[in-house]
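Q: Chains as they are written, first to last, in the working numbering: chain B, 1 to 527; chain D, 1001 to 1378; chain A, 2001 to 2324.
Just so you know, the hints here were simulated from the structure itself, not pulled from any lab data.
Certain hints may be false.
To be verified - Covered stretches of chain D (chain A as the covering partner; in silico rule of three or more C-beta atoms under 8 Å from a C-beta of chain A): (1) 1087 to 1094; (2) 1138 to 1144; (3) 1160 to 1172; (4) 1228 to 1235.
Claimed, not checked - A few chain A residues that face chain B, going by a derived Cβ cut-off under 8 Å, partial list only: (5) Asp2120; (6) Ala2124; (7) Leu2126; (8) Pro2127; (9) Arg2173; (10) Ala2182; (11) Ser2186; (12) Met2193.
Note that CB positions come from ideal geometry on N, CA and C, so glycine has one too.
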Amino acid sequence: MRGITKRFPGVLANDRVDFEASVGEVHALLGENGAGKSTLSNILIGLYRPDEGEIRLHGEHVDFHSPSDAIDAGIGMVHQHFRLVPPFTVAENIILGEHREEARRFVIQPRAIERHVTGLGERYGLSVDPRARVWQLSVGEQQRVEILKALYREARILILDEPTAVLTPQESEALFVTLRTMAAEGRTVIFISHKLHEVKAVADRVTVLRGGRTIATLKTADASSRELAALMVGRQVDLARRIERAAPPGVDPALELDGLSVRGDRGEQAVKEASLSVRSGEIVGVAGVAGNGQRELAEAITGMRPPSRGTLRIAGRKLRAGDPRSAIAAGVAHVPEDRLGTGVAPSLSITENSVLKSYRGRAMSRGPLLRWRAIRDVAADLIERYGVHTSGPHQRVRDLSGGNLQKLVLGRELSSLASPSVSQSPPRRGRRRLWPASTLSSGPKVLIAASPTRGLDVGAIETVHAYLRQAAAEGVGVLLISEDLDEILALADRLVVIYEGELTGAFDPATATVEEIGLAMAGGDSA
Amino acid sequence: MIKIERRLGQPRWLNVAVPIGSIAFSFLVMAAVLGITGHDPIHTYRRLFDAAFISSPAWTATLMTGTPLLFTGLAAAVAFRMQLFNIGAEGQLYLGAVCATGIAIWLGPHHPTALTILAMCVCGAAGASLWALIPGALKAFARTNEIITTLMLNYVAGLLLTYLIFDSASPWRDVSTIQTRSFPQSVALQPSQFWPTLGPLDVVVPFGFLLAIGVGIALYVLFRATRFGFEMNVIGDSQRAARYSGMRTRRKILAVMAISGGIAGLGGASQVGDFSHVLDASPQGLQGAAFGYTGIVVAALARYNPISVCLVAVLIGGLQNAGLYLQGPDFPTGLVGVLQGIILFCTLGGELLIRYRVRFGRRARAPVEAAPAAEPVP
Amino acid sequence: MNVNHTLVISVLTQAVAYGTPILFAALGELLAERSGVLNLGVEGMMLVGAVMGFWAMQRAPGPTALVLLLAVLTAAFAGLVISAIHAFLVISLRASQIVSGLALTIFAGGLGLSSYLGNDLGLADLPPKHQFSEIDVFGLKDVPVIGPVFLHQSALVYASWAMVAVVAFYLLRTRFGLNVRAVGESPGAADAMGISVVRYRYAHVLAGGALAGVGGACFSLSITPGWTDGDSLVGGAGWIAIALVIFSFWRPELCIIGAYLFGGLAGGLPSALQAHGYKIKPEFLNALPYVMTVVVLVLVSTALARRRLGAPAALGVAYVREER
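All chains, full assembly: derive it from the sequences and hints.
A: Spelled out as structure tokens, the structure:
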């Protein structure tokens, strides 16, 4: 690929990128989030069209108008967010869009295809039941389906976009073996990652991208981790993974779960009898592979999904279950996984979104009327204090970048409830010791942060981490739910693992090894 | 190649330019349709405008058609704004007319006009609200698709109307003379019960029109200045975000259905009080006019803004009125409906221009000029 | 007395006849929805199909069978053309599928294009020159129950059965059907596998329009041959068809049951009761299918909410590849 340039509205995602991989090698594409890796690979497989530049395949100029051109040219891709059809069977997903061999028949021949898929799975150590429905599979199995899809099409070039993000460390090891097998057969494997140790472990050569440009291409064996990190970030970096915290956490429990069970969308037990306590000022990390009940857990605590059993306490008081308003009133702040779809109303302005939760308070409204002046002040304050880059408070939040959007959400969650002009009504002494929906808390007591840095670029990740630490320092109990083990290891005071809805094992991040935690994430016995 | 990119900022002038452009474009398209089917477009349009807007009597007639459209347009706007697709304004209007006529007949002619009007408005709005709450409750509690339920109930309301006048001995039916017994019609309102008109100029302005303008202004305030309106905006944009921020979505669905139905019901009351003075169940009456469906056109063209609805209702009312007036061998029936449909299509297409930037040419030449603050990397 | 002359049989016979237009339209809507596009304009497309089918039948010379075939094809083409507007707006221009569908109904409906065409072509209240008549295919019309109900119907009824089989087989057993379902469930995945989301959606919206047009022609060529101004000719069958797709959990083979149930309520019961001299206020009978639609919809939607079955995941959502 030579001189590839791709622009999105407001963003130059690839700026004259050069990239070259040879037959039979595992070639890593290394770069931080937002460096342009995904864009480049999406161009290579024909999903995006480059604005400038050319692609050559085995020496010949090619021009992909659509993914099917790229597939026909022998390129396969495993996307970071899988491109699978959940209600379909594995076999159906694999032959989808295929137009050669037995899949070409007008009438589908399921038996022949299933045999073929089983054969491929055995050859590459990617076993998966071809008749299972994809939504029933674990994330790791789904990834195998994605790889099988490419192998079924006899892809000569296989691109994997952040494949290990959804795997346990042990699963990652197994994947690397598969990748090496494929390279040994003469296929080209392009491995996209921002994790140095993985690149070192699996790749023959590595190309580093930064800010949408090619920085360097070198042999992995010749480069040290420190060197690669410097190339990737653009400055010298400290590879120490933990930052010691300023103040020790408090002792008062901020959040207590007791035997919490939650049902998922399909009625299955997504969270089973979870018990956990987060003290104020403490960051507790929940590690686990995606789809093990993290979403349901977060939604149950924040009231968005009623639990089927168990109790929740905030600062010692029982919370009315399944009612977001009570949770908000009790001081539960929530940075949701799906920030654009859940955390904000995307077509409304920054101003409106900055009071999404506090508009009911007396500072923001008088009787049924809103106090727009006060609301505008809150928004301006939020934009300034949290450094949200915007064309103005009227901008629709849909048009904010991921990082700025997350700063807005985080800022709102951490500050808007604590807005000093809110008149603090003392908690009513009620008949029932529940948080009444009408009381406004003086500030968040608990912050549920679900994958708070997913998809953000490095600068934004650092900012978000800083705010999480700051929140803890100010006495908020933080529950950090993340699939990124490194993130949890860097931030958390304590770590639990969620596997198939059960909270297992408590680890001290300072002493626990990645192997131990990884084993627990895969459902093995925890230490 | 045509490239479509999302706009980072939304120029305000587009909000005005797009609807106007849509209307102009639709007239062009319709001219082509007319030409193809062998009519002279210029001549047809000329007659249309003459009949709608040129003389005082034309304006009077236009306001007469515009009034119910204003009500149904507002009814649709308030619901559609919250992504609640109440297309039952048609049936809710019938119910409003039925209840308003009912109370007027029950009260009799010997009360002050103001009291009669108040009673008709309250009953009409309440009856229609309750009718609208059927699909509202089904939506809120059983998640039933409101588009289909509201529409099905329109047919039921129409049949109810027919039943009351043509097929029963209901209190609505006039059985006082031999003539009305063989040609059924409803009990007529007495002149003391007629709603007043304001006619300082040559144009007669019906009371209902002013009432509707008042409702429009009230809705504008509701949307802009109140917590309720704020919640509606959030729910309309993202149900999940609304739940996330602790809003009571179900209550809002019920409230908005009731408001929407109530406004349509006021339209029904105004039809009886202002214009027909009887409950007209004939195929040419309420059921033939399709005010409820046309209200959707009005609301969509006004982009669900209550103030714009007031303007658009008059415009569409003019076209509708002219279409009815001119109906005849040399003026194709259905033309106005076709025109309305095309206007709506153009408005929908025009939305694209508001949300997206459309570029022509094989490749974008200049780099996209980003809105100053949309830099992704902080 | 012969069992075939009882009230029940007459209701059932009528149910099949009246259910056929609903069945055609529902199959069409099902195809569109399975590709991820909701088209609320069914009623309008049916009305235009009805008027154009009737027109072709009146104007075309030739033997009855040929003329009727031509009329049905014309109706299908008319429905297809109308649905193309919706397809363009929602697939290419990404307009709201709900509002566009409503616009389509207003545009094409009883006060719009269908009325314009019917009046302009001078079709109002013309006596039909040809019409579909019942065919006794296997000479079995006298077999008790099954004979009159299923084997002595018009060619349109038999065609609708064939269509159910074709659609079911197509969606569930063929490669193209698999692709359509993928486009409706997860357009991103389909796109990544080289399936053109745009092309599949256009094709199925257009096919849906054609089937709705045929459904409309069932009314003007077979059930109540002729054309009348306004929307009474189709009378809400298009909307019932949309509801029917939900009732049948987006499965073609289940459509047939619902179609005959509503066919029975809409046409069968009233006309049969009338013929047998029962005196029930027609308004109540006529309201029955609409009320039943609401009732069944409530039952089904509570069940759906519990199980989340059936609806294609991407239904109603425009697909945009290059957005981020």
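Q: Each hint: holds or not?
A: Structure-based check of all given hints:
no. : hint         : result
1   : 1087 to 1094 : violated (count 1)
2   : 1138 to 1144 : holds (count 4)
3   : 1160 to 1172 : holds (count 5)
4   : 1228 to 1235 : violated (count 0)
5   : Asp2120      : violated, 42 Å
6   : Ala2124      : violated, 46 Å
7   : Leu2126      : violated, 44 Å
8   : Pro2127      : violated, 45 Å
9   : Arg2173      : holds, 5 Å
10  : Ala2182      : holds, 5 Å
11  : Ser2186      : holds, 4 Å
12  : Met2193      : holds, 3 Å
Going through the hint list in order, the structure does not satisfy hints 1, 4, 5, 6, 7, 8.
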